[in-house]
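Protein chains: 2
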Amino acid sequence: MIDFVFQNPAKIIFGRDALSHLGEEARKYGRRALMVYGGGSVKRIGLFDQVMEILVKNEMKVWELSGIAPNPRLARVREGIDICRREGIGLVLALGGGSAIDTAKGVVNGVPDDGDVWDFYMGKRQPKTTLPLGVILTIPASGSEMSYSSVITNEDGMLKRGFNSVTNVPTFSILNPEWTFSLPPYQTACGCVDIMAHMMERYFTRVTHVELTDRLIAAGMKTILHNAPLVMENPTDYDARAEVMWTGTLAHNTLLHTGRIGDWGSHKVEHELSAEYDIAHGAGIAIVFPAWMKYAVRQYPLKIAQFATEIFDVPTDFGDEAATALEGVRRLETFYRSLSMPVRLSEAGITGADYAMLAARALPTEQSTVGAYIELHRQDIVEIFKLAE
Amino acid sequence: MIDFVFQNPAKIIFGRDALSHLGEEARKYGRRALMVYGGGSVKRIGLFDQVMEILVKNEMKVWELSGIAPNPRLARVREGIDICRREGIGLVLALGGGSAIDTAKGVVNGVPDDGDVWDFYMGKRQPKTTLPLGVILTIPASGSEMSYSSVITNEDGMLKRGFNSVTNVPTFSILNPEWTFSLPPYQTACGCVDIMAHMMERYFTRVTHVELTDRLIAAGMKTILHNAPLVMENPTDYDARAEVMWTGTLAHNTLLHTGRIGDWGSHKVEHELSAEYDIAHGAGIAIVFPAWMKYAVRQYPLKIAQFATEIFDVPTDFGDEAATALEGVRRLETFYRSLSMPVRLSEAGITGADYAMLAARALPTEQSTVGAYIELHRQDIVEIFKLAE
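Going line by line, the protein sequences match chains V and U.
Counting from 1, one number per residue, gives the positions in the first sequence under the numbering used here.
Counting from 1, one number per residue, gives the positions in the second sequence under the numbering used here.
Some hints could be false.
Same chains, same label: a pair holds when it works inside one copy or across any pair of copies.
[What the hints assert, rightly or not] Within a straight-line C-alpha distance of at most 30 Å, the following computed DSSO-like cross-link-like pairs (lysine-lysine) qualify: (1) K11 / K294; (2) K61 / K11; (3) K11 / K268; (4) K28 / K124.
To be clear, the hints were calculated from the coordinates, so they are not data collected in a lab.
All chains, please: the whole structure from these sequences, using the hints.
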């Protein structure tokens, strides 16, 4: 276990009655709110109207930044910053999933800042302060409702970049598993894959003596493995939806990496894929992560073998550690397939991609690397893409 | 899973180098600190001097409330409140374990309050605000370094009472497993029992569909079962000490009871025992909890049977659920004994106790109850004491 600092002050309000807390929480931050959301689904399930009614009843004036799409764009962040400054907004409310939340995070960081908000995503500067951010979560996947991170795509060059900061932690997040009942199966599956991936990125570490966090991560992964099929089969299973939703939040709130160094190479590689092809992040992860694992086994099979035995009950007497590890990867792919996820580039309709170009976007120079479990240079990323064909 | 609100803003600074953060954290809260501590051990290991040196280097003036003993007393809380008011203290620093921390919590709640601080412990009022509280933890056991609770004994009637409040959550807590190297084996064992008990109180619930939190609690309990013998055998095993210390914090920071209703009957019963006989809380728990479990099995064996199979690998084909559960209790007692803990009243030198008097102290009237997994009236507490003989 390595030294760490852990703090996550986000207030989580969870359950069937969670929305009843919105008025009380929101009006702590003045009378002017900007609501950031996508569009269709939150209106279809009636949640948008419910939220508006509560805000109006609490005498709040609401501005809207709507139509936020997956792989959310920088231009919308800038638009939100302008509205907040112009209207003297005191609270930004994200309604939806990771795209709405990450856009809102860009906004709350940008408003009090003098420079260009994209600097934060390029790692040039860190935000010093922020507007209060409330979340009303309808898609369990990104973990953004309690995370330190925000991921935005800059249209100029299609650069998808994320950054971590305490200013990205929402002030409060309201979660009701019922809001996920009407999620399409594809989106439900993508979410489960993403949640698993946030835990896998942290599980695969070279730091030794991390027993408690290993066990906590395993607890989360097993919960997803058990409940993902349940929600696919019965979308209105409250209990299973609740397990997925709460696991999704805890998967990414930094508790599970206390004392460890995670990898995050797969996320970096996937970000280039979804930025270029605009596929869902979860689907991209289902393609990239198994390929990354196969590549990583060649260098350092240990933790992937542990994953295979602990999470997928692969016997350890397979003959060698690498074989045990690879059987774990095979079972993970089987799990992804059971959710109708693509596990090869071709299954997502991606053929003839320019791997070298994608690798060059991921890493600024030939000498640059990403990942801690294994270090990836550009050439390694190309090899991982080949393994994903 | 039931609806819940979860928030824990405490900043945890953990590891070999943790104390290097003290100056920066402390000086956020002015130049005047009250240090609350026991005495012997923190001076013997040199930590007291290190802390003082850092505070002086940061130009802080330090007052002392020392000699805090186990089962800490209300009079010392009042004394601390007086010092803070008189000297305009901006930060209270607890140095030690649960007794120092819980005393400090009483102080920080009491200072800005107009009424009697004991009201909070009697459940008459809740604190509205608090002084900042820093913790430097040397004993993993109480979880008070990140918990909502404080437990104090009123000398007038030997009433040991606890209360939960967000104002009890420390502002920051500094944890270095090295500081636990010199803990005597008895205290190490008591700590492990206490940590396990905080998880057991939450594990034993009648709330169904709590898979994630069941698994998280199991992760913590298994970590203690594995590492407690390691620290008993080799007190300077950093890795094992670190596992115990971090598990001790997470066991009680309220994450593990999200969506559940814990029991807490055993803690209530034990508090009367340790208030009357001044035994260590962990030792009292090792006596009371197995007795409580045996009593609870008669009414509702389900979760105790699950505990037996999940945590102690008891086969489920024992013939009946109660038998499975009781075998789990037997194995828990074996674990306690392996740590040289008493598991019967007589083993702690307690004979001829007035059970009815203790039960009457625990519950104000014949109609009063405590516990959610099973409801205890006074007579039930008497029966539990008999089972602990």
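Comparing the hints with the structure gives:
no.	hint	in the structure
1	K11 / K294	neither (39 Å within a copy, 38 Å between copies)
2	K61 / K11	within (23 Å within a copy, 35 Å between copies)
3	K11 / K268	both (29 Å within a copy, 29 Å between copies)
4	K28 / K124	between (33 Å within a copy, 27 Å between copies)
Against the hints set out earlier in the document, a violation occurs for number 1 only.
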